[in-house]
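Given the sequences, and given the hints that come with them, work out the whole structure.
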Amino acid sequence: MLGVAALALGAFLLYPTAVPDGLALPSVDVDAVFGADFVDRAKRYERFFYVNWVLAQIALFVTLWIYARRGAAFARESSAGPIGTGMLLGMLGLAIAWLVHVPFALASHWWQRRWDQNDLSYLDWLFEDWAVLAAQFLSICVALLIVMGLARWLGERWWLPGAAVFVGIAALFSFVAPYLYYGTAPVERKPLLEAARTYEQELGVGHIPLRVEEVSADTEQANAFAFGLGPSRRVVFWDTILEPPFTEAEQKVVLAHELAHHSQRHLPKGLAWFALFAIPGAWILMRATRRRGGMGNPTAVPLALFVVAALQLATAPLSSAISRRMEAEADWKALTVTHDPAALEGLMVEFSKTGLGDPDPPFISQLVFGTHPTLADRVAMARAYADGAR
Amino acid sequence: MESPSRPPVRLVLRDGDLQRSRLTVFFRLILAIPLLIWVTLRGIAAGVASIVNWLAVLVQREVPESTHDFCANYVRYSTQVSAYVLLAADPYPWFRYQPDYPVDVEIDRPVQQGRWGGFFRLILALPALLLATALGSGFATTTPGQGSVASNGNEEEAVVWGLSSFGGAAAACALLAWFFIVALGRSPRGLRDLVTFALGYGAQAAAYLFLLTPRYPTSDPRLAEPYSQLPTHPVRAVVTDDLARPRLTVLFRLFLAIPHFVWFLLWTIAVFFVGFVAWIVALVLGRLPLRLHRFFAAYVRYATHLVAFVYLIGRRFPGFTGRVGSYGIDVEIDPPERQRRLTILFRFLLAFPAFVVASALGGVAAVIAFLAWWYALFTARMPEGMRNLGVTCLRYSAQTYTYSLLVTGRYPYAAPVLRDPGPGPEPRPNFAPPEPVLGETF
Chain H
1 MLGVAALALG
11 AFLLYPTAVP
21 DGLALPSVDV
31 DAVFGADFVD
41 RAKRYERFFY
51 VNWVLAQIAL
61 FVTLWIYARR
71 GAAFARESSA
81 GPIGTGMLLG
91 MLGLAIAWLV
101 HVPFALASHW
111 WQRRWDQNDL
121 SYLDWLFEDW
131 AVLAAQFLSI
141 CVALLIVMGL
151 ARWLGERWWL
161 PGAAVFVGIA
171 ALFSFVAPYL
181 YYGTAPVERK
191 PLLEAARTYE
201 QELGVGHIPL
211 RVEEVSADTE
221 QANAFAFGLG
231 PSRRVVFWDT
241 ILEPPFTEAE
251 QKVVLAHELA
261 HHSQRHLPKG
271 LAWFALFAIP
281 GAWILMRATR
291 RRGGMGNPTA
301 VPLALFVVAA
311 LQLATAPLSS
321 AISRRMEAEA
331 DWKALTVTHD
341 PAALEGLMVE
351 FSKTGLGDPD
361 PPFISQLVFG
371 THPTLADRVA
381 MARAYADGAR
Chain C
1001 MESPSRPPVR
1011 LVLRDGDLQR
1021 SRLTVFFRLI
1031 LAIPLLIWVT
1041 LRGIAAGVAS
1051 IVNWLAVLVQ
1061 REVPESTHDF
1071 CANYVRYSTQ
1081 VSAYVLLAAD
1091 PYPWFRYQPD
1101 YPVDVEIDRP
1111 VQQGRWGGFF
1121 RLILALPALL
1131 LATALGSGFA
1141 TTTPGQGSVA
1151 SNGNEEEAVV
1161 WGLSSFGGAA
1171 AACALLAWFF
1181 IVALGRSPRG
1191 LRDLVTFALG
1201 YGAQAAAYLF
1211 LLTPRYPTSD
1221 PRLAEPYSQL
1231 PTHPVRAVVT
1241 DDLARPRLTV
1251 LFRLFLAIPH
1261 FVWFLLWTIA
1271 VFFVGFVAWI
1281 VALVLGRLPL
1291 RLHRFFAAYV
1301 RYATHLVAFV
1311 YLIGRRFPGF
1321 TGRVGSYGID
1331 VEIDPPERQR
1341 RLTILFRFLL
1351 AFPAFVVASA
1361 LGGVAAVIAF
1371 LAWWYALFTA
1381 RMPEGMRNLG
1391 VTCLRYSAQT
1401 YTYSLLVTGR
1411 YPYAAPVLRD
1421 PGPGPEPRPN
1431 FAPPEPVLGE
1441 TF
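Chains H and C, in that order, are what the protein sequence lines are.
Using this note's numbering, you'd call the opening residue of the first sequence number 1 and step up by one each time.
Using this note's numbering, you'd call the opening residue of the second sequence number 1001 and step up by one each time.
It cannot be assumed that every hint is accurate.
[Said to hold, decoys possible] Derived DEER-like restraints, expressed as beta-carbon distance ranges:
1) A164/H x V1356/C: 49 to 55 angstroms
2) L1243/C x W98/H: 35 to 41 angstroms
3) P268/H x E1337/C: 57 to 63 angstroms
FYI, nobody ran anything at the bench for these hints, they're computed from the structure.
In this text the structure is predicted, and so the values were computed from the model without any measurement.
Just so you know, even glycine gets a beta-carbon here, dropped at the ideal spot from N, CA and C.
Put into structure tokens, the structure is as follows:
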């Protein structure tokens, strides 16, 4: 009970944002703002991904369920000890999941190419993610090393220190990620740099380096993101967002939005939220694998993979909602420092066009995938700010 | 019908004393120039004759005696020339096949062949030719710096083989043997045996390509046993593995090895620093202390387990501790022994030639891995010949590393055989097998 109360208290403290309570978002006619033809086209484009995702999830869970029941037989392919064998079973589960995922990823890529949203050839597509896959294999081994090591040492009490270790690793990774993220160059546009100095002062954050990443050879989609902790904080723009059709005013809104992520401490808060999920998640994992001898036993690993995947799916709406709140807060802070709601609205229109994004997606899709408020809601927030300013 | 146990293409070795003329060895490549020109011209003619063989197999399922003999004589002659150039034989082979040459090839009479196997012969022969290249025997005609032209019987599919320019294991052995012979007047047996094995495999590959036999070349080191022996050595390969290779673990083999790569890197860094300390300690004591011996022995065993797994020579996911007997492809290492301080002082320099051979054999093992990956992906099995050849490569590599890390004072032995000579009592360790530092958990 005490644990549940502590988690609830944590969530209560993390939940508030700088968006004014009771801010009423006006209704937005998406057809008028984005164009009826475009909205219809975007809906048709995105519908494919919803179906594809659902099918992929079904295939994934069926596969992981079969693997959870039969995967332990692969233990005979190991000459290693229990933890080494657990690593093997974890990696094989990941390999199977990846194999199942490939046809759906291929279908997605085909659809993106068909709608001119991706120029990557199939061959490049096939080989572009090998490094990521290798990193996933290594990550699952590290995770199993920690969990199984603690479980063999502490028995069923592994889950609390285990969750703490994972939060620590996530924090460490958040800190070092900007140093590992290669292929970016400093932003050299004077207006943007001058605006950054102003916004940094208004938002009360120290100097944060601005970087640009060249992606225009592969995609026309536009993006920017903030990452890092403390001295490693960075804002990265894709070069596509620093070129027309995005205007300078729109680029400044993006800049203010990303700086707001840092000023509102969204990354540390994200880690705190992660801790709130990791602790009960580890406990559930401990309970679920108890009948297989617990996480110290390698034959429990296939079942653990299934449980983790199920937990991820189950918590997706919650984590998306938390992300949406943070993004809405960053939008609001961006409005308060740029005082340019028209630029934010224009930015959303351009975002939808370059990414063929549905401005007003179905409720279910927004519930599961919506890490940002819908484009329509973001336009509504800009209008709400404009109304308030008047 | 041919006997399944007796290969239709067999290497015959009559080079008993290993004596070599220093003078002809010194000028061997220059002396070989006319032979290489001649063998290339004969290779072109044999390529043309193989077209006849190809058509004959498609029509009547059997190669005519005349073209069979022509191509077989070419394979024999090119093997003799290669043996001469690679210092596996001493007499000058002149310009025709010599039946009493120290290195010779026996090829059975023509037999009936399947039409499909004949039709796709060039494609089917590609893996064997690739392995022959890595072994350094190339395409029967190959010798360092030489290329030859061959055809599968279809003029449009003529292929230029520049295989020999890569050298391979046989060329590396020949290079080292050259220095040895110029100094001592005789060839090292291990290197000679490795070269002749490579030549034997190349002859099999060529005979298969020219449709002289339908039997696919075998790289099993047992082929070398009639003429080669493995002397008792303190570092021995032990095979208890089977040949099954589950497809899933084959498909993701490299990815599955990722945690091992990380662990191996960390262990290697430790070995690098400890190795320097061990060298000084061994110089003082005249032998390696038991703890350091165990540490290095475990490292070499672990490296062998890991490479065996990555290269599909071993079936199972290895442990992380290099424990004795924990893997199907294992290395037995005798206890520490007293070593001459002078050899300890210059150990790294002395190990350099062995590293050259180990590197060349590493290339062979890599080719085996590449071919075996595809084979195992389709059949879920590893060919026994390739597995055994891979084990000999790993055994040599383990001997090289144990020698360079002062675990043993015995020089690596390159002969491509797995079994040592006698059923005599195995030297047993005079201490209990060491417990892995990290326990049994990994």
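Next item on the list: Using the beta carbons of A164/H and V1356/C, state whether their distance is inside 49 to 55 angstroms or not.
Entry: 52 angstroms, holds
Notebook entry, point to check: CB of L1243/C to CB of W98/H, is that within 35 to 41 angstroms?
Noted result: 27 angstroms, violated
Check: Quick one: are P268/H and E1337/C within 57 to 63 angstroms, going by C-beta?
Finding: 60 angstroms, holds
In this structure, the one hint that does not hold is number 2.
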